[in-house]
Each structure stands twice: as C-alpha cells, then as structure tokens.
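A.B. asks: Protein chains in written order, with the working numbering: chain A, 1 to 284; chain B, 1 to 288; chain C, 1 to 268.
Just so you know, not all the hints are guaranteed correct.
[Claimed, not checked] Subject to a maximum C-alpha distance of 27 angstroms in a straight line, what follows is the list of computed DSSO-like cross-link-like pairs (lysine-lysine):
#, chain 1, residue 1, chain 2, residue 2
1, A, 161, C, 236
2, C, 68, A, 58
3, B, 165, C, 236
4, A, 163, C, 180
5, B, 145, C, 236
6, B, 137, A, 20
7, A, 281, B, 279
8, A, 163, A, 149
9, C, 243, A, 161
10, C, 177, A, 110
11, C, 236, C, 71
12, C, 199, B, 145
13, A, 256, B, 163
14, C, 236, A, 149
15, C, 177, B, 145
16, B, 145, A, 24
17, C, 236, A, 74
18, C, 236, A, 110
19, B, 271, A, 229
20, A, 58, C, 236
21, A, 58, C, 60
22, C, 199, B, 163
[Stated by the list, open to error] Chain B regions said to be covered by chain C (calculated; three or more residues, Cβ under 8 angstroms):
#, segment
23, 16-29
24, 156-165
25, 217-223
26, 234-241
27, 273-285
These are calculated hints, taken from the structure and not from any lab test.
No residue lacks a Cβ here, since even glycine has one placed at the ideal position from N, Cα and C.
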Amino acid sequence: MSIIFDHVTHKYEAGTTMEKPALKDINLVINDGEFIGLIGHTGSGKSTLIQHMNGLLKPTEGTVYVDGEDICGKGYSLKSLRSRVGLVFQYPEHQLFESSVLLDVEFGPKNMGLTQLEIQYRAFEALKSVGIGDDLIDASPFELSGGQKRRVAIAGVLAMKPKVLILDEPTAGLDPAGRDEILGLIRRIHEESGITVILVSHSMEDVANYVDRIIVMNDAKVVLEGPPKTVFANCDALESIGLSVPQVTRISADLKNLGLPVRPDSITIEEAADELAALYKRLH
Amino acid sequence: MIKTKDLSFDYIRRDEEGNVESITRALDEVNISVKPGDFVAVLGANGSGKSTFAKHLDAILMPTEGSVYVNGMPTTDEDKLLDIRRTAGMVFQNPDNQIIGTIVEDDVGFGPENLGIPTEEIWERVDKALDRVGMTKYRCDSPNKLSGGQKQRVAIAGIMAMKPKCIILDEPTAMLDPVGRREVIKTAKELNEKEGVTVILITHYMEEVIEADRVIVMDAGKVVLEGTPRQIFSRVEQLKSFRLDVPQVTALAFELNKRGIPLPPGILTVKEFEEEYIKALSALEGDA
Amino acid sequence: MIRDITIGQYYPENSIIHRLDPRVKLAGTLVFLVSLFLFKSFWGYIPAVIFLFTCIHLSKVPFKHIVKGLKAVVVLLSFTLLANIFFTKGTDLVFSWKFIKIYREGLEMAGFMAIRLTLLITGSSLMTYTTTPTKLTDGLERAFAPLKLFKAPVHEVATMMSIALRFIPVLLEETDKIMKAQQARGADFEEGGLIKRAKAMIPILIPLFISAFRRAGDLAMAMEVRCYHGGEGRTKMKPLKYKLRDLIAYLILAAYLAVVIFIGKKLH
C-alpha cells in the first residue's frame, strides 16, 4: 500500500488572521513494506503530516493518494482508510476507556463491522503480538502498568489489521528498558507481517537501529530524506536545526576528520565498535 | 539540607469495603543525605520508587516508617509544613498540570502570594525569578501558548519566587522533546551554580545526570548505587539490570574495553571518548 | 473543530478596556444586560448597540474575532429564532402550510430576540475577552466579599472559577486529541440517531474524565507545594485599586443607564 503526497500544503486556521502553515509543499512517496523513521522536533510538522495519511486532516492544497486514490475524492470511505492506515497517537494509553483490556482492543474491529468471531480472534491475536498474556485480558486497562497500557493501546490499532502502521513517539515517557522493548516489538511486527511502519520520533538514536529510511522535517518542510547512513552523513546540517546525530556517528565522523582511517558513517554501537577495534588491532 | 533515615513507604490498596487488598512496598529503608549546594540526580526506571521518594521530600507523602528531615525539620511536623515547602520547592512532570495562573507572571507570583509577601516584594521576586529562567520576554503571555520546555521553566520560576534553598525536580523532562529537555536541565544547572540552590533531579534519562555532583540509583524501592556519574556509568551491565542504560559513548567505550582496548571506565562525553581513543592509539605507536 | 471555540477566552491586548478594574467591567456588563431588557422595540436597542460597538472599538479586540466567537452559539441562536417564528401566535398571518402557521408577530419577535441574544452574548464575552480570568475572579471575590460575613466560601469559589477558566483550553485540546485517536480506531461521531450518537461519546468522555481527574490531582499537589492554604494570610501581586479611569468609567456607565431608562420611558 503506497502513500503519495503531491504538493501538499496544510494551513491551520486557513483564511483567518491566525493562519499558520504546518506543511509547506510536501512531496513524498512511502512504499509498501517500508520501515520509515520520521524525525523532527515539536512543531516541525510531523504530527500534521501523519494525520494526513489517514484523512484526519485534509490538505489545504495538494493531494494525498493512498493506493493510487485521492483520499479527499468524492465517495472515498475515510472509515475504511482508517482501518487500513492505523495511527497510534502519542501517549495512546490516554484513549483507553473500556472496562476490560479485551473489550478495549475490540473497539476498532467492532467499528469495522466485522463478525463477533472475527472481532474476538483479531483482538486475541493483536494482544498476543504485543506480549499481553491471557492473564491480563479481563483486567481493567486502568490497573495495568504504564508500559502494559501502552501495549494494549497499540494492540487496539493492530487489531484492525492495518496495512500501514504509524506510531507517534511510541516510546515517550518510557524508561530505557521499556523503550527498547517497544522498539523491539515494532521491529518484530514489521518483520513478521511485512506491513509498512512509520515511526515518528525526535531521537535519532532510537530510529538509527531500526529503520530503512529516515525523513527529517523542519519548519513544515522535508529537509532530508534517505537511508540512515546517508542522512547521518549530514551531521552538521542536522545539528544546525537542533537535531543531534547518534553519538557514535558523531565520533566516527570526527575521527575521520582527524585523518584516522575509519568509516565515517557508523550508526550503531556495534558498527562503531567493530570499526574502532579493527583499527586498533591493525596498529597493534 | 535533606536527610532521610530508614525511609520506608507502603502503598496500601483497599477494596470497596475498605479492607486491605494489597500492600506494596514502594520505598525500602532509604538513607540519603544531601548537602547544601549539591546537585544530586536520582536515577531509576519506571516503578523504581524514585517519584515516591521525591514526594516524601516535600511532605506530600508521609513515611510509613523512618523519617525525612528538610533543613532539620521533620516532614511529619504539621506546624512546619509551610516552612518545609518554602525551603524545598518542587517541580513536577506534566508541564500543563502545575501552572495555576492564566498568564505567566501571575503564575510565578502565586507562591509568594500564598506566603503573604508584600505586593512590592512579590513583583521584585517575580521579576528576578523570570529573569533567572530566561522567561521575562513571555511574562504577559498565556502559558497555553508556550512550548513544554518553556512551561517547565515557568514552573521553576514559580518555585524560585518562593526563594527556596532546594529545588526538587520530579521527572521534569519526561514529557519534553530533546530541545525542551536541554532547556530545563541547563536552567537547573545554572540555578545550582549561580544561585547556590541545592538541586535534586529525578529522572531516567542518562544524559541528564552527567553533570550532577552525585548520582543515586534506585531500584525496587531501594538505593542500589551511589557515586559520581563516572563511577555510576562504569557499571554498564549492572545499570542494564535495573532497566537503565548508559549514554552511547559510554556503551561504546565499554564495548571496546571488552575487546581489549585500554580505555578508562565511565567515559561520559563524545569529546572525552575521542581524546581517550586517540591517546590509546598513540600509546601503540609509541610502543612500535 | 473543537479547538476553534474562542468565545470567553482572554484576548491579550493593551487597551483602555483591558486596563479597567474588573469590578468596573462586571458592573458595566450588568448594566448592559439590564439595559437590554428594558425595551420592547427595535429602536430601543440603538443606544445599546452604540455603547457595545464603542466598547469593542476601544478594546482593540478585532471584530472578526468576536464574530468568530459567536459561531459557537449559532445553534442556540437559531433554535430561539425558529422557536419564536413557529410558536408565536398572533393576528397577522403571513404564511401557512398544513399545520405550520407563521405570524408577523412571530417574525418580529424572532428578530427582536436574535438581536437581544447576540448583544447579550457579545456584551458578556467582551468582558471575558478583555479580562484575564485571574482578574475576573479577583473582581468577583471583591464584589462578593460582603458575603464572607455569612461564612460563604467566596475565596474558594473564586479560586475554583479561575482554575476552571485556566483549564478550559487545555481540556478542549485534550478532547480534540482523544476524538482523533478514537476516529483513528474507526469511531464515527456523525452517523446514526440520537442514541447511537450519545453512545459514540462514551469513548471520548471516559478518557476525558480520567484525564481531568488526573490533572486535578496533579494540580492540587502543585498548589500544595507552592504553599497554598486558602485565602487566609494571602497577599496579592496585583491588588485591585480604583484609578481615575475607573471612576470615569463608572460615571459613563451611570450616564448610559440614565439615557437608556429615559429612552425606555419615552418609547412606552
């Protein structure tokens, strides 16, 4: 399922004195099965961008195509779009409302008008895939720990079996281990189901390990785009807009600049360690 | 400044009839002492008890066992409650839920108003506090229009206007983006250095504790590690077992060390790493 | 969108109306409201309209902004309008179709009520546009201070109001967010009959209540650590003190009231 942004501009409060552009002439193609990291700091337009992908917001100018169809076209079913493009908002646990975990996860499939059997099957499957055990499915979602709540909320979107899964800062507020667990979970979902995943984050280090392609937004525009190594090669450009590259990337770039024979584009600790250890051993 | 003695706290859950359903020990014999002017970071994963601990320092929670002293005053002394809270101010996690005023300067004045400070002095304090956190420009704005980092700075100014000796920051950056996080930590650091305010920073972000004088690590309600950032961060594997992490450079240095490259433990910054690595390489050349 | 509701929210400006003592503005609003109920003919509204427009002009709040605020009450307005058109019985029939009968009196009454309501809402919202909630509640607290003698919790009520006003925009934004999150899970708020729509609100209301309670708890704690302990021994950063301009404003108000009463008598 591909998503195409064709000259999309979005202005909040268009036509009033308070008008402010949140997206300026965005052109993007998101291919089937990609794992994308969308990076930018608060107010860069990344939240506005993802809300265009499932029709929660509509472009002021330009067109968004999903599977070749204009999602603002006449007779286009936004409801069906939203089950195909699943969007997990920031702090998704704040939207839980049902009396039990299972019922909450069933909310999405129920809205799709599926049979009761299918609804339950999907809910169970989704809960299993996020690692919520059978012992918790009848518990009240409000009694769970923070990390568990977040998994349940993600399951609530997964149960709709979307072809595209968008997650807005899924690790916000989690501790380091919780962060790694959620990111690992997302990677597993991507690998096992092959769906497109768009991970919104403001941490380069978080996405470096996981994604195929990074899209960097700043001031309502896409400023950089490409595989992590290509994007991180622009250390200084990224830092000038207040985003930091992973520390290990900074180190490899600096050492390279100092004239050491190392690759300047290591993006994970393992890569950098291999590279630096090899250099040391060579001199030994 | 702040001292806890065998501080323990139980969360007691009761069912609808008021019978005890379960008891969870959130703090277990915590002994800590913080000297005036210190910058202490309390590090712990979610559920480690660090926030429960922070809430004891400002007499929001009362110990189940043991005691807490703020500037020598036991927090259980109800007559001293206001004194304790004007000595040790507290900033919380959610920037939206701690701003009371509808414009920035009104909010900063809220504390001094409660203390019964004369009007003129309130203005002086508000001016100074806003200046200290760099928010003077926004004094007449609505807090709703500010970024998360700016809101937290307003909250800090609100505490500073009460002229506390100590500020407790209870996960002030958990809901902020990296820019906001840097703003808040920088502000706290400056208050500590320039004003000599004691700072206790509760967090689970590793990068934020690097500049602390001392780090206290909590896990399952207990203090499990205590030391300088360098000492703490040299325990990479132990920290991981507490659901924590180390900065990427520290992890990289640790990894290289395992592979036989002589780097000192507990490297904290990119610059430090680069210097040490080059030193290690030149030592080789010297040998050869 | 729900976030667009701007009625009642403070509009920062530096105008003479903004600087007036809130007590003057409270009194002014009261006088204005009373003046609206003194007439039963269109002509009587002329001084009220002039008065209101002068105040709006002086307040520097853009007229566009005020009109935008009125959008939020369009439903209420059209409801009154229709009710008046259809249910006022009179003698001069202008339109009739099956059981629907519209009289001239009904149309007049509707026009009359529409003007009155619009003026009433605009007038009272002008007060909230130009007065920060803090000042407004300060003003209310002072205005109702005599009630303290009867042990009425004037300070507490005023504080509660001020906090409520502070959190309205926060909760509106939150509602917007929750609505979107549930829509992303396929929730539909626009389809079906009344019962189905009411039911569709549950996934919004429950998270909203939970969040409001969480916020309330947090806020109580934040107020406690900032030494809040009720109104006793509390000083004010911005104590209310009448200035010359406030006295002049009172005089103008009195003059306006006199003119209105005079015209009202003349017209009857």
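A.B. asks: If a hint holds in the structure, say so; if it doesn't, say that too.
C.D. replies: Right, here's what the structure says about each hint:
no.: 1; hint: A:161 with C:236; verdict: violated, 58 angstroms
no.: 2; hint: C:68 with A:58; verdict: holds, 21 angstroms
no.: 3; hint: B:165 with C:236; verdict: holds, 23 angstroms
no.: 4; hint: A:163 with C:180; verdict: holds, 19 angstroms
no.: 5; hint: B:145 with C:236; verdict: holds, 25 angstroms
no.: 6; hint: B:137 with A:20; verdict: holds, 22 angstroms
no.: 7; hint: A:281 with B:279; verdict: holds, 15 angstroms
no.: 8; hint: A:163 with A:149; verdict: holds, 23 angstroms
no.: 9; hint: C:243 with A:161; verdict: violated, 66 angstroms
no.: 10; hint: C:177 with A:110; verdict: holds, 21 angstroms
no.: 11; hint: C:236 with C:71; verdict: violated, 37 angstroms
no.: 12; hint: C:199 with B:145; verdict: violated, 33 angstroms
no.: 13; hint: A:256 with B:163; verdict: violated, 49 angstroms
no.: 14; hint: C:236 with A:149; verdict: violated, 43 angstroms
no.: 15; hint: C:177 with B:145; verdict: holds, 17 angstroms
no.: 16; hint: B:145 with A:24; verdict: holds, 22 angstroms
no.: 17; hint: C:236 with A:74; verdict: violated, 59 angstroms
no.: 18; hint: C:236 with A:110; verdict: violated, 55 angstroms
no.: 19; hint: B:271 with A:229; verdict: holds, 22 angstroms
no.: 20; hint: A:58 with C:236; verdict: violated, 47 angstroms
no.: 21; hint: A:58 with C:60; verdict: violated, 33 angstroms
no.: 22; hint: C:199 with B:163; verdict: violated, 51 angstroms
no.: 23; hint: 16-29; verdict: violated (count 0)
no.: 24; hint: 156-165; verdict: holds (count 3)
no.: 25; hint: 217-223; verdict: violated (count 0)
no.: 26; hint: 234-241; verdict: violated (count 0)
no.: 27; hint: 273-285; verdict: violated (count 0)
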